[in-house]
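Participant: Sequence:
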Amino acid sequence: MKLGEPSLDQIRIFLAVAEEGSFGAAARKMGRAVSAVSYGISQMEAQLGVTLFAREGSRRPVLTEEGKGLLAEAKAIADGIDTLLAKTQGLHAGLESEVSLVVDVMLPGEVTASVLRDFRRLYPNVALRLQVEALGAVAACLLDGSADLAIGGPVLADHAELERQAIGAVELVPVAAPDHPLSRSGVKPGESRKHLQLVLTDRSPLTEGREFSVLAPESWRLADLGAKHALLKEGIGWGNMPRHMVSGDIDEGRLCELDLPEKPGANYILSALWRRDARPGPATSWLIDAIREQLGKCSGAEAV
Numbered sequence: 001m002k003l004g005e006p007s008l009d010q011i012r013i014f015l016a017v018a019e020e021g022s023f024g025a026a027a028r029k030m031g032r033a034v035s036a037v038s039y040g041i042s043q044m045e046a047q048l049g050v051t052l053f054a055r056e057g058s059r060r061p062v063l064t065e066e067g068k069g070l071l072a073e074a075k076a077i078a079d080g081i082d083t084l085l086a087k088t089q090g091l092h093a094g095l096e097s098e099v100s101l102v103v104d105v106m107l108p109g110e111v112t113a114s115v116l117r118d119f120r121r122l123y124p125n126v127a128l129r130l131q132v133e134a135l136g137a138v139a140a141c142l143l144d145g146s147a148d149l150a151i152g153g154p155v156l157a158d159h160a161e162l163e164r165q166a167i168g169a170v171e172l173v174p175v176a177a178p179d180h181p182l183s184r185s186g187v188k189p190g191e192s193r194k195h196l197q198l199v200l201t202d203r204s205p206l207t208e209g210r211e212f213s214v215l216a217p218e219s220w221r222l223a224d225l226g227a228k229h230a231l232l233k234e235g236i237g238w239g240n241m242p243r244h245m246v247s248g249d250i251d252e253g254r255l256c257e258l259d260l261p262e263k264p265g266a267n268y269i270l271s272a273l274w275r276r277d278a279r280p281g282p283a284t285s286w287l288i289d290a291i292r293e294q295l296g297k298c299s300g301a302e303a304v
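Numbering follows UniProt numbering, in which position 238 of the sequence shown is assigned residue number 238; successive positions increment by one, without gaps.
Hints were generated in silico from the structure; no laboratory data involved. Check the hints yourself; a few may be wrong.
Said to hold, decoys possible - Straight-line distance between alpha carbons at most 30 Å, and here's what the computed DSSO-like set of lysine-lysine pairs gives:
1. Lys68 / Lys188
2. Lys29 / Lys68
3. Lys263 / Lys297
4. Lys194 / Lys297
5. Lys233 / Lys297
6. Lys188 / Lys263
7. Lys29 / Lys75
8. Lys233 / Lys188
9. Lys233 / Lys194
10. Lys68 / Lys2
11. Lys233 / Lys263
To be verified - Cβ pair distances, simulated, as ranges:
12. Ile269 / Ala76: 18 to 28 Å
13. Ala76 / Gly248: 40 to 50 Å
14. Asp79 / Gln47: 57 to 67 Å
15. Gln47 / Glu110: 29 to 39 Å
16. Asp224 / Thr64: 54 to 64 Å
17. Ala166 / Leu85: 36 to 46 Å
Quick caveat, the model's predicted, so the values are computed rather than measured. Ideal Cβ positions, reconstructed from N, Cα and C, are used throughout, including at glycine.
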């Protein structure tokens with residue numbers, strides 16, 4: 001038996017009858033005549049060679065086993081068309097079909113999570129891709145075209161091909177385990193250079209050969225901020241960390257904030273970055289504003 005192809009209109013009529021429980025209610029919902037709804041169901045049944053509703057002996061149509069079996073697929077088709085139409089309307093209005101976002105590892109995770117939760121609710125038809133990188137690798141994602149928007153630190157923020165808008169800052173503080181020699185009071189100038197320093201690094205060639213707040217000749221380079229955090233708590237070296245990541249450890253005595261004469265801690269300025277040849281669309285602009293707002297609410301960070 002050769003099957004026909006039901007139209008989208010017939011599928012929508014099928015779903016309306018199933019949801020409303022009667023041809024009359026479906027007709028009212030769709031603004032159609034009852035005869036048109038009945039005809040649509042009959043045509044779909046003829047196309048598929050199945051009976052979708054049992055009508056004999058009942059004033060209300062009841063889904064048959066075949067009807068129940070096809071209901072989920074019919075919903076998927078209708079939902080897919082609705083998504084297609086919504087995306088098309090968004091494109092006509094200038095809304096992006098996709099946004100690729102790369103964020104600096106220094107951006108508080110709670111900020112990222114809160115913003116992306118709201119983004120998915122407000123822009124359900126805009127696909128979002130997320131990457132988390134460090135230092136120069138953030139800007140590198142923009143320059144190689146793998147990201148549309150970056151939330152990055154001061155490293156390469158003023159690159160000639162990029163536009164920049166400062167949106168906030170994360171406070172960096174030097175820390176070490178409580179039994180580390182630098183955790184005692186009265187540390188003299190130059191003492192920090194005698195101890196292993198843990199330094200965040202990245203694999204981007206854009207930052208090759210550059211040093212950022214490195215005081216000690218002996219240093220371990222880590223691309224993973226979480227690994228650096230774990231080593232510091234184990235008493236292996238000292239280093240700068242975002243305050244929002246270590247405030248709980250400082251309060252509970254697992255880490256100490258160091259009072260070093262060199263004052264290596266600083267505000268890590270975060271900026272929204274994008275290519276000059278690609279202006280941010282509505283969804284991208286919303287991300288920039290939302291991240292700035294959430295930074296202002298986050299402990300250990302501030303909005304600009």
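Participant: Take the hints in turn and mark each one as holding or not.
Facilitator: Each hint, compared with the structure:
With a CA separation close to 78 Å, the supplied pair Lys68 and Lys188 exceeds the 30 Å bound. Distance restraint check for Lys29 and Lys68: the Cα-Cα separation of roughly 21 Å lies within the 30 Å cut-off, and the hinted pair is therefore satisfied. A C-alpha spacing of about 26 Å is found between Lys263 and Lys297, which places the hinted pair at or below 30 Å, so the restraint holds. Restraint check for Lys194 and Lys297: not satisfied, since their Cα atoms lie roughly 38 Å apart, outside the 30 Å limit.
Proposed proximity of Lys233 and Lys297 is supported: the alpha carbons are some 27 Å apart, at most 30 Å. For the suggested pair Lys188 and Lys263, the alpha carbons sit about 12 Å apart, so the restraint of at most 30 Å is met. At most 30 Å may separate the alpha-carbon atoms for a hinted pair to count; Lys29 and Lys75 meet this at roughly 17 Å. Of the pairs offered as hints, the one joining Lys233 and Lys188 holds, with about 23 Å between alpha carbons and a cut-off of 30 Å not exceeded.
With a C-alpha separation of about 19 Å, the suggested pair Lys233 and Lys194 falls inside the 30 Å cut-off, and the hint holds. For the suggested pair Lys68 and Lys2, the alpha carbons sit about 22 Å apart, so the restraint of at most 30 Å is met. Taking the CA atoms of Lys233 and Lys263, the gap is about 21 Å. The hint holds against a cut of 30 Å. In this structure, Ile269 and Ala76 break the distance hint of 18 to 28 Å, their C-beta atoms being roughly 47 Å apart.
One distance hint, 40 to 50 Å for the beta-carbon pair Ala76 and Gly248, holds here, with the actual separation near 45 Å. Between Asp79 and Gln47, the C-beta spacing of about 20 Å breaks the proposed range 57 to 67 Å. Restraint check, Gln47 to Glu110: a C-beta distance of roughly 52 Å breaks the suggested window 29 to 39 Å. For the pair Asp224 and Thr64, the supplied restraint of 54 to 64 Å holds, since their beta-carbon distance comes to about 57 Å.
In this structure, Ala166 and Leu85 meet the distance hint of 36 to 46 Å, their C-beta atoms being roughly 38 Å apart.
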